[in-house]
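S.K.: Chains A and B are the protein sequences, given in the same order.
Numbering that gives the first Met the number 0 puts the first residue of the first sequence at 0, with every later residue one more than the last.
Numbering that gives the first Met the number 0 puts the first residue of the second sequence at 0, with every later residue one more than the last.
You can take every hint at face value.
Straight-line Cα separation of at most 30 Å, DSS-like style, residue types lysine-lysine; simulated pairs: (1) A:Lys159 / A:Lys52; (2) B:Lys159 / A:Lys133; (3) B:Lys185 / A:Lys159; (4) B:Lys185 / A:Lys133; (5) B:Lys29 / A:Lys133; (6) B:Lys29 / A:Lys52; (7) B:Lys185 / A:Lys52; (8) A:Lys217 / A:Lys159.
Bear in mind the hints are in silico, worked out from the structure with no lab data behind them.
Chain by chain, the residues:
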Amino acid sequence: MLVLNNVEVMYDHVILVLKGMSLEVPEGKVVTLLGSNGAGKTTTLKAVSGLLKSENGHITDGFIEFDGERINGMEPETIVRRGIFQVMEGRRVFEHLNVDENLIAGAYTRRDRRNIRRDIDMVYGYFPRLRDLKHRTAGYLSGGEQQMLAIGRALMARPKLMLLDEPSLGLAPLLVQEIFRIIRQINQDQGTTILVVEQNANVALGIADYGYIMENGKIVLEGAVDRLVDNEDVREFYLGLSDVGKRKSYREVKHYKRRKRWLS
Amino acid sequence: MTFFMQILISGLVVGAVYALVAFGFVLIYKSSDVINFAQGEFLLVGAYIALSLVVFYQVPFPAAVALTLSMCVILGVVVERLVLRPFIGERVISVIMATIGLSLLMRGIIQMVWGTETRTFPGIFPDMPVRLGDVVVSQIYLWSLAVAVVLLVVFTVFFKYSSTGIVMRAAADDQVAALSMGISVKRIIAITWAIAAVVAAIGGILLGNINGVNPSLAYIGLMVLPVVILGGLDSVPGAVVGGFIIGILESLAGGYLDPLIGGGVKEVAPFAVLLLVLMVRPYGLFGKEIIERV
Ligand SMILES: Nc1ncnc2c1ncn2[C@@H]1O[C@H](COP(=O)(O)OP(=O)(O)OP(=O)(O)O)[C@@H](O)[C@H]1O
Ligand SMILES: [Mg+2]
Chain A
0 MLVLNNVEVM YDHVILVLKG MSLEVPEGKV VTLLGSNGAG KTTTLKAVSG
50 LLKSENGHIT DGFIEFDGER INGMEPETIV RRGIFQVMEG RRVFEHLNVD
100 ENLIAGAYTR RDRRNIRRDI DMVYGYFPRL RDLKHRTAGY LSGGEQQMLA
150 IGRALMARPK LMLLDEPSLG LAPLLVQEIF RIIRQINQDQ GTTILVVEQN
200 ANVALGIADY GYIMENGKIV LEGAVDRLVD NEDVREFYLG LSDVGKRKSY
250 REVKHYKRRK RWLS
Chain B
0 MTFFMQILIS GLVVGAVYAL VAFGFVLIYK SSDVINFAQG EFLLVGAYIA
50 LSLVVFYQVP FPAAVALTLS MCVILGVVVE RLVLRPFIGE RVISVIMATI
100 GLSLLMRGII QMVWGTETRT FPGIFPDMPV RLGDVVVSQI YLWSLAVAVV
150 LLVVFTVFFK YSSTGIVMRA AADDQVAALS MGISVKRIIA ITWAIAAVVA
200 AIGGILLGNI NGVNPSLAYI GLMVLPVVIL GGLDSVPGAV VGGFIIGILE
250 SLAGGYLDPL IGGGVKEVAP FAVLLLVLMV RPYGLFGKEI IERV
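Use the sequences and the hints to build the structure in full.
M.R.: As structure tokens, this is what we get:
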């Protein structure tokens, strides 16, 4: 459904951030993109959604295809209308609008305005807590509630592909679990394809079908989730599990470092 | 007491026009961080176009108003497209210079077309004044007040409930987030300029019917600064309340203090009060509520 082929992205015409990024998201699946800070995950999502332009970023090589059509270079508005919706890092709810109004704003590109009320109810079905807060100013919601609102707002556009940028950011572990459970559920009920970027590999691999790991502007590892979680490097560097009970000697640490270098 | 009431009412009327013009100013500031120094010229253009239609082309007044407002929609959109759009992403000071340039340019064109002498609307509103108890008020004053208040209510409802209004507030809150949901921020800004030009034109038509039209009406574009700073630069209710406060103050100072001192207080009073308010509330009466959560 979504294909990135050898994509190169530059900011300000000099800062090369994506260096031959390739990735594929098949229809109906949940795919996760993992990587450390500054690897270029957010940049990848912005390249897809067309938001790079507002930061003076450009795709300088490679291409992005959605449903078999090139979408690089299109305006964000056009891309949203084609069915791709990015939930930005840090939630970005409209702080001075209330919860209902945020949802209505999310439905901006919809043609079938008659169904908006019904879909607001659907969102409240997924996030019952929001229903009680619907007249509350979004800026005063808790971080978790704002994340729910941000995902709900995306649902209002009825996208075919949802891009989620670190939905776990700053949330308590239990809430993270709940949000990821709902993400999976949305994927199953609505058939929405999902590409989720995460630092929290544990929970992301818990719901995804396929995973990519990126370092320094390109993919270094990919595979079906069950294969990834068995991979020793992933276990060590992303899941924080070394073989249980063993003491880490200095030699082992050095060994980690070597592997880490290999990864990057 | 009747003297006080007379003064209060004329202050309310002037304040209503200030509120309209300031309303447009604040909309533009909120949607695009642009300080529009040409707001007074929009008012002037509106007044002159309506006047020309009525006087030279003998268009009936309501039709003339409708025509004027449609032209002002186009004017607002075109000005934004040609003058402001190229400055997106430029520094604040460049944008300010652009709107000052725009105001000078518009004023020049206006004087070329319509000259500088005062022109008057033919008596459109009945001359017969209305008695409210002891107070005698001319009908145009009441009309002006009513029109301004109705407009402000209509826009408040529009921003609160219509989907375009909601999206406009959303874009003012977070432009990039708005872009990410397919909201065309360019279109929103164009709509904002159209609304600002229209409300200013309505203010101009009302004032023109009261005092006649000449280029000095554009001074209201400057009075809008104390109004919006008093209300809080980014607050729509602030613009409205600030408009009425400044209008009434001016009128009171003109009525009570000017005769004592021999004039000049009227012009200064709003600024004096502005200074006092800013000492207590640096962000103005309704300054932005920055929502911060930790
Ligand atoms: N607008 C920009 N202009 C210049 N450089 C940028 C810009 N945005 C991002 N970068 C750089 O690109 C690199 C990748 O950034 P990006 O935000 O894509 O990382 P990320 O993988 O999302 O990291 P994180 O997990 O911290 O969110 C970083 O080195 C960053 O400094
Ligand atoms: Mg990021």
